[in-house]
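Protein chains in written order, with my numbering: chain E, 1 to 87; chain V, 1 to 358.
Hints listed in this document are in silico derivations from the structure and should not be mistaken for laboratory results. Only a predicted model underlies this, so the values are computations on that prediction, with no experimental measurement involved. Hints are not guaranteed to be accurate.
[Stated by the list, open to error] Distance condition first, Cα-Cα at most 25 Å in a straight line; then the derived SDA-like pairs of lysine to any residue:
hint, chain 1, residue 1, chain 2, residue 2
1, V, Lys49, E, Ser44
2, V, Lys39, E, His28
3, V, Lys279, V, Glu209
4, V, Lys100, E, Pro42
5, V, Lys279, E, Leu58
6, V, Lys39, E, Val29
7, V, Lys19, E, Ser27
8, V, Lys39, E, Val52
9, V, Lys49, V, Glu38
10, V, Lys19, V, His322
[What the hints assert, rightly or not] Covered by chain E, per the in silico footprint, the following chain V stretches (three or more residues, Cβ under 8 Å):
hint, region
11, 103-117
12, 303-312
13, 333-341
Backbone N, C-alpha and C fix where the C-beta goes; we use that ideal spot for every residue, glycine too.
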Amino acid sequence: MKTRLPTTLRRIILELLVVILLQFALSHVLTHVRLLDHLLSPGSESNIALGVTTAFLLLRMFVMLFAPGWFIARLWLWWSRQKQING
Amino acid sequence: MPRWWCGRDAHRWFDGDPKLVTALAREVAATALRGVSEKDFTNDNPVFKGEWQFGTYQMTALALLQIIQEHPSLRTEFMPVIEISIDRMLSEEVRAFDTKQWKEDALATLDGPNSHAAYLGYMNVVLGVHRRIVADSRFSDVNDRISRALARRLRASPKGLLETYPGEGYPVDNSSVIASLLLHTRNTGEDHNDAVLRSLDHLRESWIEPRTGLLYQAIDSRSGDPADSARASGTALSVALLAYAERDTSRILYDAVQARCADSLFGFGWVNEFPDNHKGRGDVDSGPLIFGMSPSACGFSLAGARAFGDRDTIVRLYRTAHLMGTPVDYNGRRTYATGGPLGNAILLAMLTTQPRLP
Chain E
1 MKTRLPTTLR
11 RIILELLVVI
21 LLQFALSHVL
31 THVRLLDHLL
41 SPGSESNIAL
51 GVTTAFLLLR
61 MFVMLFAPGW
71 FIARLWLWWS
81 RQKQING
Chain V
1 MPRWWCGRDA
11 HRWFDGDPKL
21 VTALAREVAA
31 TALRGVSEKD
41 FTNDNPVFKG
51 EWQFGTYQMT
61 ALALLQIIQE
71 HPSLRTEFMP
81 VIEISIDRML
91 SEEVRAFDTK
101 QWKEDALATL
111 DGPNSHAAYL
121 GYMNVVLGVH
131 RRIVADSRFS
141 DVNDRISRAL
151 ARRLRASPKG
161 LLETYPGEGY
171 PVDNSSVIAS
181 LLLHTRNTGE
191 DHNDAVLRSL
201 DHLRESWIEP
211 RTGLLYQAID
221 SRSGDPADSA
231 RASGTALSVA
241 LLAYAERDTS
251 RILYDAVQAR
261 CADSLFGFGW
271 VNEFPDNHKG
281 RGDVDSGPLI
291 FGMSPSACGF
301 SLAGARAFGD
311 RDTIVRLYRT
321 AHLMGTPVDY
331 NGRRTYATGG
341 PLGNAILLAM
351 LTTQPRLP
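With the hints as constraints, model all of the structure from the sequences given.
Printed below as a string of structure tokens:
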């Protein structure tokens, strides 16, 4: 019989993967459209580009700086809950 | 973990790992071969666009020259790109930004009195480094003519300062003039010491703010008085330029930037544009300031850190560059998404600055 991961654990892992993959995919896309050039040399038509760039960099900072802690904290919460249920 | 992840490549850059260096160098070389035009930049000001176009080729040529010096096996691959970049820097199209400001062509008026400090100074640094590596450089003649013109103009300048554009004097651009003349002396034995030493005296006595040790961003070319604050972006770029020929002054400026402007949190380093956490506005030199942090000063400081063997600083700064620069690897190449053509070329030039004089 095929064992399934408990829904909550799967969700924790999936959400982490989605955030990482989104950041990875966006960084490749932005390299090609060169939206991020506006950051270094903004002009009068740079407002939308700067907004998108800022949003991307916030996502990247979240993934690089906070996602590991966020993931570990969620795992710990999940594990505590499982222990409570099983105990 | 974030600090480990973002710092994985930092030690490899410091150690000059050929695989990593080649990956970014190939991207930068491909951009130079494809050609950089003003359309590649988003700023509205045509002068800045022209400066960045010129700067992209200049940083590309310098970076690849440094790489060849450190990894001679890459000479065959990168020397043609270097010489194409130099040809483009010498072209009418690329020097048009300077011509427009001075209303005369810098190369056609080398016998004249007008300084053209930025175009000729930065150009001449590249020619000098190229000549150190290629003894019979086909650019020797233009290198000689530019050097003699700059030395003559320095001697004639009452404040030892050459103007970048009419009425505008910048210590950082004069650092390129000084470095290029010292390189010319080392390459040819031609003596420019009277002009260079006088200018270096002015730099140490009048262009450095005594309280912080940082260079003023601008100097009034007539009075010799400061025309802007002492700032990190100009000082850090001067460190990089003087590292080609005048390491003592370069080291003094590097130490001042580190003491007054550098900071870090959880292993991520940065450089503030203004010393001692003073607040000020960013501009085209500093890039957009984020809580006072200057992207330009952070990037330029990598050069001093590598030149002076400061591994800790390069690791801290690179972690931040990795975080905000967004490196993307593809087909054996690396590009930093936030940099674009100029950012990639600058980062490569700074990260491959040589611990020894060229």
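Tested hints:
1. V:Lys49 to E:Ser44: holds, 14 Å
2. V:Lys39 to E:His28: The hint holds at about 21 Å.
3. V:Lys279 to V:Glu209: holds, 17 Å
4. V:Lys100 to E:Pro42: With a Cα-Cα distance of about 22 Å, the restraint between Lys100 (chain V) and Pro42 (chain E) holds, given a limit of 25 Å.
5. V:Lys279 to E:Leu58: Roughly 23 Å separates the two Cα atoms, so the pair holds.
6. V:Lys39 to E:Val29: Within the cut-off at roughly 20 Å; holds.
7. V:Lys19 to E:Ser27: holds, 22 Å
8. V:Lys39 to E:Val52: With Cα atoms ~21 Å apart, Lys39 (chain V) and Val52 (chain E) stay inside 25 Å; holds.
9. V:Lys49 to V:Glu38: holds, 5 Å
10. V:Lys19 to V:His322: holds, 17 Å
11. 103-117: Coverage by chain E is violated for the region 103-117 of chain V (0 residues, Cβ < 8 Å).
12. 303-312: The restraint on the region 303-312 of chain V is violated, since only 0 of its residues have a Cβ under 8 Å from chain E and three are required.
13. 333-341: holds (count 5)
When the structure is compared with the earlier hints, violations turn up for hints 11, 12 and for no others.
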